[in-house]
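Protein sequence lines, in the order shown, are assigned to chains A and B. Using the working numbering, read the first sequence as starting at 911 and increasing by one per residue. Using the working numbering, read the second sequence as starting at 63 and increasing by one per residue.
Honestly, I wouldn't trust all of these hints.
Below, a list of computed lysine to any residue pairs in the SDA-like style, where the Cα atoms sit at most 25 Å apart [said to hold, decoys possible]:
hint, chain 1, residue 1, chain 2, residue 2
1, B, Lys500, A, Ala1027
2, B, Lys200, B, Pro230
3, A, Lys1010, B, Glu468
4, B, Lys73, B, Glu101
5, A, Lys1061, B, Glu453
6, A, Lys1096, A, Ser1046
Everything labelled a hint here was simulated from the structure, so no lab data went into it.
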Amino acid sequence: MLSIKNLKASIEGEEILKGVNLEVKAGEVHAIMGPNGSGKSTLASVLAGRDFYQVNAGEVLYQGEDLLDKSPEARAKEGLFLGFQYPIEIPGVSMVNFMKTAINEMRRHRGEEPLSASEFLKKMREKKELIEIDSSLTNRSVNEGFSGGEKKKNEIFQMAMLEPRLAILDETDSGLDIDALRVVAKGVNNLKSPENAIIVITHYQRLLEYIVPDFVHILYKGRIVRSGGKELAMLLEEKGYDWVRNEELAGKQ
Amino acid sequence: MSTVTRNIALKDQYISLYREKSGEISANSAPLMNTFRKEAITRFASLGLPRKGSENYLYADIERVFSNNLEKNFSDRKISFNIKEIFHCDVPDLETNLLLLVNGRFYGNGKMLKKLPGGIIAGSLARAAIEYPELVEKHYGKYAGRSDDGLVALNTAFAQDGIFIYVPRGVKVEKPVQVVNIMISENDLMAQHRNLIIADEDSEARIVVCDHTLSAHRFLTNSVNEIFTARGAKVNLTRVQNEHNGSSQVTHSHCLQEGGSDLSTITVSLHGGFIRNNVYVRLTGEHAENHTMGLYLTDKGQFIDNFVYIDHAAPNCFSNQLYKGVLDDFASGSFNGRILVRRDAQKTNAYQSNNNILLTDDTRMYSRPQLEIYADDVKCSHGSTMGQLDENALFYLRSRGIDYREARLLLMFAFAHDVIQNIKVDALRERIDDLVDKRLRGELSRCNNCAMQCG
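Please build the complete structure, drawing on both the sequences and the hints.
What follows is the structure in structure tokens.
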């Protein structure tokens, strides 16, 4: 589904991603872990199409097509979803209008009729229950005045509404209490299917107790330095990121 | 010709026009209005036309606009069309008492004053000045008369008619009053009309004013509104400026609010080549509340200038100015807002904000929010912003599959809705939302079924 080959990207001349390789197949859950500044969020942003990153080399194929050529909205319409680390507040744009516009733009892309008002509301209601999101939040402007935890839940709510093929969650777990974490995990596990894939970007192993990954990758200084099964996350938890640093140093000598 | 001589020459043109036509002007107006003319033209002779670069007209080139050689017509001319055929407002559920003003004169098809339930009087100001001289005399010229703007004096000298609305004590006008102000002609035309709105104690009224042009001629309007809100009265006035871009419009609103009154004016400027709106409000009694708001969406070479002056002359009053605008292409504009808090106006709460989105590098917007405070126990704030659309918000919307163009529209619409949400007539608010949406999409923002070719 997603194939990243030797991806290099920089911001303002500073190279952040220094040759990332990653293969994600349908049905898989991948976790990307790494210390602060290793390039995790850059990778997520480049995949979603944020234009202030410069891609210098490499290629990304998504469902067999070049992803990097496409606009952010084209990527989203083809089923790519980014859960933001820092969701944006948009005063004056209501959650309802936002979601209705997004869903109907995607349906139009697939050649489907827009949802009727009642179908849309039904879908909203179902997903709100699933994500246990406070009803009043969806009556407000997008993320406006939401607490940190509410904003993260709102990302998962949007994911549930849009039903992406490939979801990339950028540190969705950071700053969440255990209840919110459980809800996030529920949303992710609900999306899981043989047709879909999920990439969870996280700093901590904690989330992976709820979302069990098939693969764990360690991103360090702009490269994936280790890949393995879920036991790699346990090892990381046990030994800490210093272990990665030391291993890297040892490898270079 | 130097700019000073140009100014004098222009002024003399209007003075000689007055001398030549004063008989015709008076013959087609009301005695009460005529008694103001002589003094007004003398006042105009000393004030002259406002000059660009002067304190209150820093950016608006009034002389340019007023030097166009437009036809002026002071007699009640037969209009060669059936207004009912071309005008039909289709805003759903917008049931209004409709008043038509054509080229500055009330168009009543023989019925110049309407008496509505509760003793409400609405119709021609000139006729009201004849039928209810005492009522009109109490207010006519009392609020605008204090102005030191030469254009107000010019209007007082020339204005022959306009809209009159009177709401008696304690009466609530259920149906909004809609004033449709139409310019239509076979030649380029200038008109100066005068409106007077009197809301007596504890009365309530909602008024909608729509400015339209119905022929493709160059038009210039110089209109004065006087609004009196007595103790406890509530008035909500929405104005939609939708003249074509070959027209110029200067409006002057002079409002007096007594204690406990609540006046809200919202001016939505969509089309029009040159627009200058002056709003003066005096709060003379405690616990009066004023909201003065504006929304302007401009493109091409449009120029829109809003000038607001809120005078807190009594303690414990509240005022809020909110002006927002989106400028595209090479449009330019200005906002000048002032809050004056007089020495005895303690416990004043006064706010002012002007926010602008400039879509291109060629747009120009000048913003001057000002406070002048002589009391020591007040809460006042003012602020102004200029900016582009929020890139992060744009990306967020696009990352959910919303096209760039649509995402921009959503953000602009949200920006504009902040003002529109204050419109108290539900059907009208929805319609204006719709007009604004169309305006932002670059479509003609005229009402669908209305045959008027606005925009």
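Structure-based check of each hint:
1. Lys500(B) with Ala1027(A): With a Cα-Cα distance of about 22 Å, the restraint between lysine 500(B) and alanine 1027(A) holds, given a limit of 25 Å.
2. Lys200(B) with Pro230(B): Holds - the C-alpha atoms of proline 230(B) and lysine 200(B) are around 14 Å apart, at most 25 Å.
3. Lys1010(A) with Glu468(B): Cα-Cα ~13 Å, so holds.
4. Lys73(B) with Glu101(B): 16 Å, holds
5. Lys1061(A) with Glu453(B): 19 Å, holds
6. Lys1096(A) with Ser1046(A): Between lysine 1096(A) and serine 1046(A) the Cα gap is close to 21 Å, so the pair holds against 25 Å.
Going through the hint list in order, the structure satisfies each hint without exception.
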